[in-house]
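Protein chains in written order, with the working numbering: chain S, 132 to 474; chain Y, 132 to 474; chain X, 132 to 474; chain L, 132 to 474.
Mixed in with the good hints there might be a few duds.
To be verified - In silico contact screen, one side only, chain Y against chain S (beta carbon under 7 Å); selected entries:
#1 L286
#2 G288
#3 A292
#4 G434
#5 N471
#6 G472
Unchecked claim - With a straight-line cut-off of 25 Å between C-alpha atoms, the simulated DSS-like cross-links for lysine-lysine are:
#7 X:K336 with L:K435
#8 Y:K154 with Y:K230
#9 Y:K230 with X:K395
#10 X:K432 with Y:K246
#11 L:K408 with Y:K408
#12 S:K246 with L:K432
#13 Y:K449 with Y:K395
#14 S:K336 with S:K230
#15 Y:K435 with Y:K166
#16 X:K432 with L:K230
#17 Y:K395 with L:K395
#18 L:K449 with L:K459
#19 S:K154 with S:K215
#20 X:K408 with S:K230
#21 S:K215 with S:K435
#22 Y:K230 with X:K154
#23 S:K230 with L:K432
#24 S:K333 with Y:K432
#25 Y:K432 with S:K336
#26 Y:K230 with Y:K166
#27 Y:K459 with Y:K333
#28 X:K230 with Y:K230
#29 Y:K336 with Y:K215
#30 L:K408 with X:K435
#31 Y:K395 with S:K435
#32 L:K336 with X:K432
#33 L:K449 with Y:K230
#34 Y:K215 with X:K336
Because the hints were derived from the structure by calculation, they are not lab data. Where is the CB? At the ideal position from N, CA and C, for every residue including glycine.
4 protein chains.
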Amino acid sequence: MPNTMLAVVKPEAAPGADVREVKIPCFGRTDVLVKVKVASICGTDLHIYEWDRWAQSRIHPPLIPGHEFCGEVVAYGDEVTSVKEGDFVSAEMHVACGKCLQCRTGEAHICQNVKIIGVDADGAFAEYVVIPDPGIPLEYASILDPLGNAVHTVLAGEIAAKTVAITGCGPIGLFAIAVARAVGAAQVYAIEVNEHRRNIAKQMKADFTLDPSKQDVNALIMEQTGGLGVDVVLEMAGHPSAIRTAFDIVRRGGRISLLGLTSKPISLNFSEDIIFKGITVQGINGRRMYQTWYQMTALLKAGKLDLHPVITDRIAMKDFSKAMERLKTGVASKILVYPNGTK
Amino acid sequence: MPNTMLAVVKPEAAPGADVREVKIPCFGRTDVLVKVKVASICGTDLHIYEWDRWAQSRIHPPLIPGHEFCGEVVAYGDEVTSVKEGDFVSAEMHVACGKCLQCRTGEAHICQNVKIIGVDADGAFAEYVVIPDPGIPLEYASILDPLGNAVHTVLAGEIAAKTVAITGCGPIGLFAIAVARAVGAAQVYAIEVNEHRRNIAKQMKADFTLDPSKQDVNALIMEQTGGLGVDVVLEMAGHPSAIRTAFDIVRRGGRISLLGLTSKPISLNFSEDIIFKGITVQGINGRRMYQTWYQMTALLKAGKLDLHPVITDRIAMKDFSKAMERLKTGVASKILVYPNGTK
Amino acid sequence: MPNTMLAVVKPEAAPGADVREVKIPCFGRTDVLVKVKVASICGTDLHIYEWDRWAQSRIHPPLIPGHEFCGEVVAYGDEVTSVKEGDFVSAEMHVACGKCLQCRTGEAHICQNVKIIGVDADGAFAEYVVIPDPGIPLEYASILDPLGNAVHTVLAGEIAAKTVAITGCGPIGLFAIAVARAVGAAQVYAIEVNEHRRNIAKQMKADFTLDPSKQDVNALIMEQTGGLGVDVVLEMAGHPSAIRTAFDIVRRGGRISLLGLTSKPISLNFSEDIIFKGITVQGINGRRMYQTWYQMTALLKAGKLDLHPVITDRIAMKDFSKAMERLKTGVASKILVYPNGTK
Amino acid sequence: MPNTMLAVVKPEAAPGADVREVKIPCFGRTDVLVKVKVASICGTDLHIYEWDRWAQSRIHPPLIPGHEFCGEVVAYGDEVTSVKEGDFVSAEMHVACGKCLQCRTGEAHICQNVKIIGVDADGAFAEYVVIPDPGIPLEYASILDPLGNAVHTVLAGEIAAKTVAITGCGPIGLFAIAVARAVGAAQVYAIEVNEHRRNIAKQMKADFTLDPSKQDVNALIMEQTGGLGVDVVLEMAGHPSAIRTAFDIVRRGGRISLLGLTSKPISLNFSEDIIFKGITVQGINGRRMYQTWYQMTALLKAGKLDLHPVITDRIAMKDFSKAMERLKTGVASKILVYPNGTK
């Protein structure tokens, strides 16, 4: 085994990133060293790349980003029990402390002391990455992290036989279309300004794809739902106008699950938007450890999810900056990175 | 309009039933008179026909049985607001009192004073039937009553991404296969001794169809689930050995939803069967008014349910006794009765 | 019986109200005429009196306001079954349509077509008021409407063994202290700027009463909860700074239930305030029909609630304007009005 | 520190137990050695002592029984982080594997591979006991194990403002009275044949204490609840007639939570007892890890539970056999054992 590897490195507190040769990371007694097969690019990686306000407050360069990946186990500490050399793995990259109130009561996904590999520690845009003993010895693929976001959001409340609107069709929104259909949503409305993404939403079999820049989304949904509004809104855009739409189209007594992050403050009329309608608004963070993982793998193994239209690009690591450009325009949706050679 | 009609009548406290000419029923200010287009035969009707112990304790002949039906509105009282002449309707035939604790708290399906049309009052195996103002002015078909049982049972707890076993594949069990698949069950195991019913279960796309008279169901399910057992059992046979199987195959922390009625006492080891496993056992009664109806019609309208394999026979009213014989052998599953002429 | 009565009348679209002689109202076949024994004054009545923006958009004068009351049945329509002459009654003054999706699924408290007596129709600040057949033939007192708000809010999620903060100690907030204690809240923090109200909160046995104008509420609560924050916040102030406090002090995975109305837009950072913390925000509207009523009367009958400190004033109808002044300063909390003579 | 200690030892597969001198146990890197201050006697210990059918199938002598205790940390392994020497501790003695589906989804209390200290490994009726790193560094007392059973059972469903019957007033049933009252049960009916226990139930402030050997419990409860039955039954007797009563007195749509173990099969009429009534039956096992512990310690710290009447005896270890005799007659309820000298 070599001593060095190629990795995408954020070298300093500024926009951009380099592909560099760095040392292969060390691992502890409960850690696993993984040779990365494929990594995929998340919106968070774009934030880090562009060095926006959030990135400035959270990231301490130098850092290797990347938290969606899969690969093969090449070495591990002497207390690791759930994997062996050669196993094909992915991982929950939010590492919970295991000791706070939330961790002790089945809410580890909102651990008070969570660390995220690829954000708070070196991540997976590299030939090798170190992860904690994954515990669930299943074969995951690199997109399980964002798919888990979608599964967690869709299943955070009742969904069977409900009408569902998804505001924002980035990769997680697109995955959510597949999940919502698989678990019996009566109708799925996909709301998205970008034409490339709307086209993928159609391929994912959304019942309706709406363009809020040209159509009166509120009027169309009220007409389709007999004036009621939708039972559930999954907000995945993080854009003020999408959030406004979410509160407008949800029916009395309905649910809005918020996943899309926004750095700007949002203004609401609490009386009209929340209280009189008697709605429930949920903040969705990560994936439930490990309930979401069981749900997700059960659906995948049962063949209930077809996610292929979402994967638009497969790149080698050296093309990282080009991929970022395609992401920004919306031409690309989920991009897979092959650190050890494009397959 | 004529004064008399043909109807299946249970004339006295004894097995059997006749097809007779009787008066068309009167209707009150909040009632609707419906010309029956199709009625379908339920296991309850077979109990009444055979005059078993339950029937003897509940039924007061003369009675026109029949509670699964659809038809056309021909007349209605002056306070009826939700339908008009010519509307195509079905109905919730459990009539809740609207005033007891359960009715007042969204649990009308277990009303303390419920009356069932076709059991406690003249029903739908007739050219005309009187029903209360249906309130939900949607187009229902005659099988909505048993389909509602299936929807209520499947959705009485978490189901998405869960493994599900259905013990007993009468019509409601078969419908439950379709519903469980539509709302994202990971696997559906259909357990049934009757070969005709197992064949229909296959057509309904159960993942596994098992014959407990020849196969070791417990061992097969443990093998398929990695030794865990299934997350959910929907018990729809009402037979002691099926109930025994339900408690054997459910996993720790799982759910058993009981719909199948049995007149014999069942013996359990509470410690081993319920307490150590930490399971939840639910009694399922009818359909939730009207939550189940909204769920069911949403799934039907969205095209999520294909129920055709379950409907095996379509008969004219005069063939009622022959149909009962086909039901007893299991050759027939759901039988539709056309009181106003076979279509 | 006389033909006329005294009533508080809002005669025109302007601030204020008069006490006038008006006709005793007519009643229909399912209505009940009640001789008002006591009515109490709600914040809503103050809005109507002061003719604020909300009142201008909702109220169509002339109107007799008042929706919290109790009294004695003096007459009723021929289809009323649940009360008789001389019965002592109160009422749910939100009249649900009984026919929309929400009404049909146990969510009548957020009926799409709800009418409120005292807001959309003549109410209870009068010697006589007409109400629909109350259905639940129990002896209610005039404060059951706001107490029901408190019960609904407290019981809208898990509460036993939880730490609870209440922002805003108007009458409903004060009632909520009693309810939260009765159902096993571990600690109750009452947060209120008005000294009169904080004093009553102490009498209601809040564990901590905090003055946000002088104390660092956030720091104090973090200290008391070991840095976690509280499990539940019941927001009953409707003031921007109280709402800000609610989002600051709720713990990760906690619940905020919003009851307090505010006419101004509120600005939030969705990412930090809702999503990363994984909290649930609920809009609370009225009382669940009739689940809240059962819960409330069960707690009252069992002697679990001592509400006397909240009732600060008992007035005759002629003193209505004076009472409004006392309400504005916070000297008075819940005021009882005796239209037929102070008792 | 000495090398040996006194302990209650079950030496062989037969009734009885001895107090003997044995080696102080070894501890591993994540273990804690505790000097036992007080232990208390559970019904399980009586089963082991009497060597009943369950004990014969589960226990492998020689064994030191005892799983309810508290004491002082005297030593610990080098990976223990949550306690230090001199800390006063108790422990969850069900040790979950941390790796099965149930453990990974917040259901560790029904772990598939659970081991119980005092049943499957040497326990706390000794001067010293070895426990795993307790993780929750709080001061517990020796009765937290059975109190946790009571908290888990009471809070396994809605309880505030509900009528509750408890069948069987052993220590856990008595604790459940305190817990149910603390979290707002509207009425508590304590049902118990033993007069000593009924007297303690009265001291615990049950609203009604009923003797099923002399009173018609069903008729009395129906009268008190207006013919409805109770909302919740907590079954803690494990006796066939108590279980029969539970199913008779629960209302339509109610909950029965089963904690009491019975070695005999129980016969039910599923149709009448469960299905038509639409009830939910739950098996309750242990305590939720660690949700129940948080709830319990929150209630204790807030001073919401007065449990003193339940503790009837305080003994030195040498009087173990005498204590067992007092337990059998019901004169004693919860007995505390002081291995290191009666305090």
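Pair hint K336 of chain L and K432 of chain X, alpha-carbon separation not exceeding 25 Å: Between K336 of chain L and K432 of chain X the Cα gap is close to 16 Å, so the pair holds against 25 Å.
Given pair status - K336 of chain S, K432 of chain Y, alpha carbons within 25 Å: holds (16 Å)
Agreement of K459 of chain Y and K333 of chain Y with the hint, judged by alpha carbon distance not exceeding 25 Å: Holds. K459 of chain Y to K333 of chain Y sits at ~21 Å (cutoff 25 Å).
Satisfaction of hint between K459 of chain L and K449 of chain L, Cα-Cα up to 25 Å: Distance ~18 Å between K449 of chain L and K459 of chain L Cα, so the pair holds.
Distance restraint between K230 of chain Y and K154 of chain X, which requires alpha-carbon spacing of 25 Å or less: violated (33 Å)
Pairwise hint evaluation, K215 of chain Y against K336 of chain Y, where the allowed Cα distance is 25 Å at most: violated (39 Å)
Given hint K230 of chain S paired with K408 of chain X - CA-CA distance at most 25 Å: holds (17 Å)
Straight-line alpha-carbon gap K336 of chain S to K230 of chain S, limit 25 Å: Status violated; Cα separation ~42 Å.
Hint consistency between K230 of chain X and K230 of chain Y [alpha-carbon to alpha-carbon, up to 25 Å]: Holds, because 16 Å separates the two Cα atoms, which is no more than 25 Å.
Chain S contact restraint on L286 of chain Y - CB to CB distance below 7 Å: holds (6 Å)
Proposed proximity, K435 of chain L with K336 of chain X (alpha carbon, max 25 Å): holds (13 Å)
Straight-line alpha-carbon gap K395 of chain Y to K395 of chain L, limit 25 Å: holds (19 Å)
Violated hints, in rising order: 2, 4, 5, 6, 8, 9, 10, 12, 13, 14, 15, 16, 21, 22, 26, 29, 30, 31, 33 and 34; the structure is consistent with all others.
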